[in-house]
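Visitor: Read off the chains here:
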Amino acid sequence: MRDLLSSLRTPRGIATALILLVLAALPLLTQAFDQRYLLSIGTRIVIWSIAAVSLNMILGYGGLVSFGHAMFFGVGGYAVGILSAHGVSSGWIQWPVALLAATAWAALIGALSLRTRGLYFIMITLAFAQLVYYVGSGLEAYGGDDGLNISRSRFPGLIDLRDKANFYWLCFALLCASLWFCNRYANSRFGLVIRGAKSNELRMTALGFPVFRYRLAAFTISGAFGGLAGILLANEGAYISPAMMSWVKSGDLIVIIVLGGMGTLFGPLYGTIAFFVLEEALPPILNLAHKGWGEYWMIVFGPLLVLIALYARGGIDSLLGRRHD
Amino acid sequence: MTEPLLHTERLVKRYGGLIATDNVSIDVRPGEIHALIGPNGAGKTTLVHQLTGVVAPDSGTIHFAGQDITRLPTHARVRLGLGRSFQITSVLREFTALENVALAVQGHAGHSFRFLADARRDESLRGPARGLLDGVGLGGRAGILAASLSHGEQRQLEIAMALAGNPTLLLLDEPMAGMGVEESQRLIGFLRALKQKHAMLLIEHDMDAVFQLADRITVLVYGRAIASGTPDQIRANAEVRQAYLGEETA
Numbered sequence: 001m002r003d004l005l006s007s008l009r010t011p012r013g014i015a016t017a018l019i020l021l022v023l024a025a026l027p028l029l030t031q032a033f034d035q036r037y038l039l040s041i042g043t044r045i046v047i048w049s050i051a052a053v054s055l056n057m058i059l060g061y062g063g064l065v066s067f068g069h070a071m072f073f074g075v076g077g078y079a080v081g082i083l084s085a086h087g088v089s090s091g092w093i094q095w096p097v098a099l100l101a102a103t104a105w106a107a108l109i110g111a112l113s114l115r116t117r118g119l120y121f122i123m124i125t126l127a128f129a130q131l132v133y134y135v136g137s138g139l140e141a142y143g144g145d146d147g148l149n150i151s152r153s154r155f156p157g158l159i160d161l162r163d164k165a166n167f168y169w170l171c172f173a174l175l176c177a178s179l180w181f182c183n184r185y186a187n188s189r190f191g192l193v194i195r196g197a198k199s200n201e202l203r204m205t206a207l208g209f210p211v212f213r214y215r216l217a218a219f220t221i222s223g224a225f226g227g228l229a230g231i232l233l234a235n236e237g238a239y240i241s242p243a244m245m246s247w248v249k250s251g252d253l254i255v256i257i258v259l260g261g262m263g264t265l266f267g268p269l270y271g272t273i274a275f276f277v278l279e280e281a282l283p284p285i286l287n288l289a290h291k292g293w294g295e296y297w298m299i300v301f302g303p304l305l306v307l308i309a310l311y312a313r314g315g316i317d318s319l320l321g322r323r324h325d
Numbered sequence: 326m327t328e329p330l331l332h333t334e335r336l337v338k339r340y341g342g343l344i345a346t347d348n349v350s351i352d353v354r355p356g357e358i359h360a361l362i363g364p365n366g367a368g369k370t371t372l373v374h375q376l377t378g379v380v381a382p383d384s385g386t387i388h389f390a391g392q393d394i395t396r397l398p399t400h401a402r403v404r405l406g407l408g409r410s411f412q413i414t415s416v417l418r419e420f421t422a423l424e425n426v427a428l429a430v431q432g433h434a435g436h437s438f439r440f441l442a443d444a445r446r447d448e449s450l451r452g453p454a455r456g457l458l459d460g461v462g463l464g465g466r467a468g469i470l471a472a473s474l475s476h477g478e479q480r481q482l483e484i485a486m487a488l489a490g491n492p493t494l495l496l497l498d499e500p501m502a503g504m505g506v507e508e509s510q511r512l513i514g515f516l517r518a519l520k521q522k523h524a525m526l527l528i529e530h531d532m533d534a535v536f537q538l539a540d541r542i543t544v545l546v547y548g549r550a551i552a553s554g555t556p557d558q559i560r561a562n563a564e565v566r567q568a569y570l571g572e573e574t575a
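For the protein sequence lines, the chains are A and B, in the order given. Everything in the first sequence is counted per the working numbering, starting at 1 for the first residue and increasing by one. Everything in the second sequence is counted per the working numbering, starting at 326 for the first residue and increasing by one.
Keep in mind the hints are simulated off the structure, nothing from the lab. Remember, it's a predicted structure, so these values are computed and weren't measured experimentally. Please note that the accuracy of each hint is not assured.
As the list claims (entries may be wrong) - With beta-carbon atoms standing in for the labels, derived distance ranges:
| no. | chain 1 | residue 1 | chain 2 | residue 2 | range |
| --- | --- | --- | --- | --- | --- |
| 1 | B | P364 | A | M298 | 30 to 40 Å |
| 2 | B | V379 | A | R313 | 43 to 53 Å |
| 3 | B | A518 | A | L8 | 44 to 54 Å |
| 4 | A | L38 | B | R418 | 37 to 47 Å |
| 5 | A | A104 | B | D393 | 30 to 40 Å |
| 6 | A | A309 | B | A390 | 45 to 55 Å |
| 7 | A | R213 | B | R418 | 16 to 26 Å |
| 8 | B | E448 | A | L38 | 15 to 25 Å |
| 9 | A | L307 | B | Q537 | 55 to 65 Å |
| 10 | A | G302 | B | R418 | 27 to 37 Å |
| 11 | B | D443 | A | G118 | 23 to 33 Å |
| 12 | B | E334 | A | G138 | 49 to 59 Å |
| 13 | A | R213 | B | R354 | 30 to 40 Å |
Ideal Cβ positions, reconstructed from N, Cα and C, are used throughout, including at glycine.
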């Protein structure tokens, strides 16, 4: 608690506290200013932050560059969608099944992919993600390429997810839970093994750690949280489609983590906000400069990323001052 | 004679046509320092890799603490009490000296599938880690990032990490490499004090250190152990003088 208070006096602490406060009050703010469409962007930011936090557990802390993380959007989302298409609308069934599916799938993919290193790991995770993508687009019964409209999960008597503010707050609570877990995870014995293996795998083995098992566990945990984000994403749009797990989304997640700061607790949150804000704000700004330029916002966004990679290695997080841990 | 702690029986390792380890049988007894010397390319590193489980021998066996460990993975050998330091300094550069050793302690403290408790405040890890750092003379440098330590300090840190599991046998791969004379002398004194509790297999180029420390020496040339004996026997061995010590004792 004392740490929490003293960290509130640093620029990072103040910025983070402000962001979390604004996010916590977002439904009230958007209502007060009558900008309800902002709430839907806010919801997506929060859901993507959960996914980014989960990818950061292996990519940031573990140095395992998975280029297929969006497949867990797909597994989580399709589990909910398929159950919903068969008339199972209860979240009490949908969500555990979807989480279980994402966890099992992550364990399987991890067991196979983690036998490779470096570039091969990137390629094999991408390959598995593409596999899931094409399975999704081949599922004609569930809309194939076009996707499928579903209804939001029902939690009778507990919460009505059709209410946008309710749904948002649930997502926000789950984001807070993910951040809490990630904080514990990163400083636990387990997390130190994962971080140590990023720094020097051979050393960790010589210290008596079976690194593969720890990485597999980390990959599985990361996949489970990724699946959670998938469940929420399917509910947010009341829609599933293969597009939610295209390789572009996996790339976006990596970009978000690099942008926000790899291996930092709040980096994924900063990164997601920056990514969405730039995505929303750059087109109109460019359109102001010249009508029609907005379509090419990536031309500005790309070089921005290059600059971050070159001059701000630690991403946005490093701009907020030195870290103490 | 006491039962050897480590014992290899006719180890063979081939790389294509090259025999890197040629029928090597060596042993290390409790309480002794056994040095392994040989010119570059003699197969010392390959032998170390087989002992630690990085590569598997083509034939032959390795016994450690009364158990056949020939096919055991590295981490399991470490758990049995086979500690090692690396030829090329291998510490976790982004971690402080204390965190490095605390992780080494953690490696011997059962499994690490603990997700919630803060390991960075775990006195059951940090306490012993501090003791080990004091032991190698790094007590005052506990909070420094390993990357910022001097080369000699990193070597000391390596040894503190290797000692974390209280290994019965320490495999030291060129611990003096790149050290100044003074640092080497300090390390020699330190290792000598350790040998009652931890037997050592010492691979070292620094002949002064080898002859000061070793109880027995084995000379490896082209993968073969051409001689084995006390430092005096090795010094007097004509074949060794010709093959290896020539320049240094002439």
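Visitor: For this structure, which hints from the list above don't hold up?
Guide: Of the numbered hints, 1, 2 and 8 do not hold.
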